[in-house]
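S.K.: For reference, the chains in residue letters:
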Amino acid sequence: MTGPRQSALQRLWHKLGSPRWFYEMTGPWVIVLGALAVVLLLIGTIWGLAYAPADYQQGNSFRIIYVHVPAAILTQSVYMMMGCAGVVLLVWRMKLADVALQSAVPFGMSMAALALITGGVWGKPTWGAWWVWDARTTSTLVMFFLYFGLFALRQSIARPEAAGRACAVLAIVGLINIPIIKYSVDWWLTLHQSSTFKMTERPSMPAAMYLPLLFNVLGAYCLFGALLMSRMRLEILRREEQTRWVRELLYPGVDAGFASADAHLRAANARPTASGPANLSEEGR
Amino acid sequence: MEFQFDSMSDWFEMAGHGPYVWFCYALALFVVLANWLWVRRSRRLFLRDANARLIRMHTRKSQPQSSEQQAGNP
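For the protein sequence lines, the chains are A and B, in the order given.
Following our numbering, the numbering of the first sequence begins with 1 at its first residue and continues without gaps.
Following our numbering, the numbering of the second sequence begins with 1 at its first residue and continues without gaps.
To be clear, the hints were calculated from the coordinates, so they are not data collected in a lab.
All figures in this text were calculated on a predicted structure; none of them were measured in a lab.
Positions of the beta carbon are idealized from the N, C-alpha and C atoms, including for glycine.
Mixed in with the good hints there might be a few duds.
FRET-style restraints, in silico, Cβ to Cβ [what the hints assert, rightly or not]: (1) F12/B x L214/A: 36 to 42 Å; (2) E2/B x L214/A: 45 to 51 Å; (3) M1/B x R202/A: 16 to 22 Å; (4) F12/B x W131/A: 23 to 29 Å; (5) I43/A x R48/B: 34 to 40 Å; (6) W38/B x G257/A: 30 to 36 Å; (7) L12/A x D49/B: 30 to 36 Å; (8) M8/B x W188/A: 38 to 44 Å; (9) K182/A x R53/B: 41 to 47 Å; (10) A52/B x L16/A: 29 to 35 Å.
Now the stretches of chain B that chain A is said to cover, found in silico as 3 or more residues with beta-carbon under 8 Å [stated by the list, open to error]: (11) 5–18; (12) 25–32; (13) 35–44; (14) 47–57.
Bound conformation, chain A alone:
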C-alpha cells in the first residue's frame, strides 16, 4: 500500500480510509466536541430563552428560532455530508465513507423531524396554522422522507456492500433537494422569512438576537461531530469485529489466552489440532 513513490497526500488518503486509524484518532475528539457542544448550546439556549429581546411583531414565539433554525441548518448540512460521503464511496470505494453515511442518518433524520415539528409549533401563533404547504416546509418534509428512505434501504438489503452502494446513490440523488430548500424562499412566494445569516451580507437581525442563534448553530455542529464520531466508532467495531486489532482492543491478550488454552487441550489429547487459535487470529487479515 505505502510504496516509496506515493506522495504524502496519497498516504494521508490511505490513512483516512483506514477504520483502525480513524478509531484510534477520534477517541479524544468525541469528548472535546461533546463538551464544546454542551457549553455552546447552554449559552445559546439560556441567552435565547431569557435575555434576547422579544420580536416586535412575533413577541416571544420568536424564541423558537433558536431551536428551529439550528435544526434546519443541521439537517441540510448532514445531508450534504452524506452526499459527499456517497461520492467518495462510489468513486474511491472508501469503506469509511460508507460508515460515515450510515452513522449520519439517525441524527440527520431527528434534526429534520425537530425542524418540522418546531416549525409547526411556531407557525400556529405566527401564521395561524400548524401546517402550511409552503415550498420550504414541503421540501424539508421531502428531505425527512429521504432520510427515512436511507434508513429503510440499509435495513432491506442483506449484502452490506450492495446496501452501501444503494444508499450512496440515494444520498447523491437526494442532493438535488438541497438547493430547492435553500432558494425556495427566493424563488417562490412563501411564508418563510429569508435567511438570517448570509455569506456576503450582515445578519438581518440585531446582535442581541443573532448571537444566541450563532452559539446554538455552532453548538449543534459540535454535537453532530461528537455523535457522528461515536456512532462511526461503534459501527467500525461492528464491521471489524473479527479482525485482530478489534479483538485485541476489546479483549487484550485474548488470542494469546486461547492459544495457551488450546495448547493445554492439545497436550491433554496428545494430538495436534488442525484448527486452533492460530487460524482464529489469521481470519483478521
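Starting from the known structure of chain A, fit chain B onto it as the hints suggest.
M.R.: Just chain B now, with coordinates in the frame of chain A:
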C-alpha cells in the same frame, strides 16, 4: 443584556406564547438526549453480544474436534 421578564411566572407565561416556546425547547432536549443515550445503549449491547459471540465461537471451535476425536478412536 438583561433578563427580559418581570418575574419567573412571567417567563414561563411568555405573554401567552409560553406553551409553544417551552414545548420546542423540551422537544429539542429530548431529541439530543435520545440521540446520545441511543449510541451509548447500542455500544453497551454490542460489547455484551460481542463477548458472548467470542466465547461461543471458541467453544464451537473446540467441541467438534473432541467429537471428531471420539469418532476417530473407536
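S.K.: If a hint holds in the structure, say so; if it does not, say that too.
M.R.: So, going through the hints one by one against the coordinates:
| no. | hint | result |
| --- | --- | --- |
| 1 | F12/B x L214/A: 36 to 42 Å | violated, 26 Å |
| 2 | E2/B x L214/A: 45 to 51 Å | violated, 20 Å |
| 3 | M1/B x R202/A: 16 to 22 Å | holds, 20 Å |
| 4 | F12/B x W131/A: 23 to 29 Å | holds, 27 Å |
| 5 | I43/A x R48/B: 34 to 40 Å | holds, 37 Å |
| 6 | W38/B x G257/A: 30 to 36 Å | holds, 33 Å |
| 7 | L12/A x D49/B: 30 to 36 Å | holds, 34 Å |
| 8 | M8/B x W188/A: 38 to 44 Å | holds, 43 Å |
| 9 | K182/A x R53/B: 41 to 47 Å | holds, 46 Å |
| 10 | A52/B x L16/A: 29 to 35 Å | holds, 33 Å |
| 11 | 5–18 | holds (count 7) |
| 12 | 25–32 | holds (count 5) |
| 13 | 35–44 | holds (count 6) |
| 14 | 47–57 | holds (count 6) |
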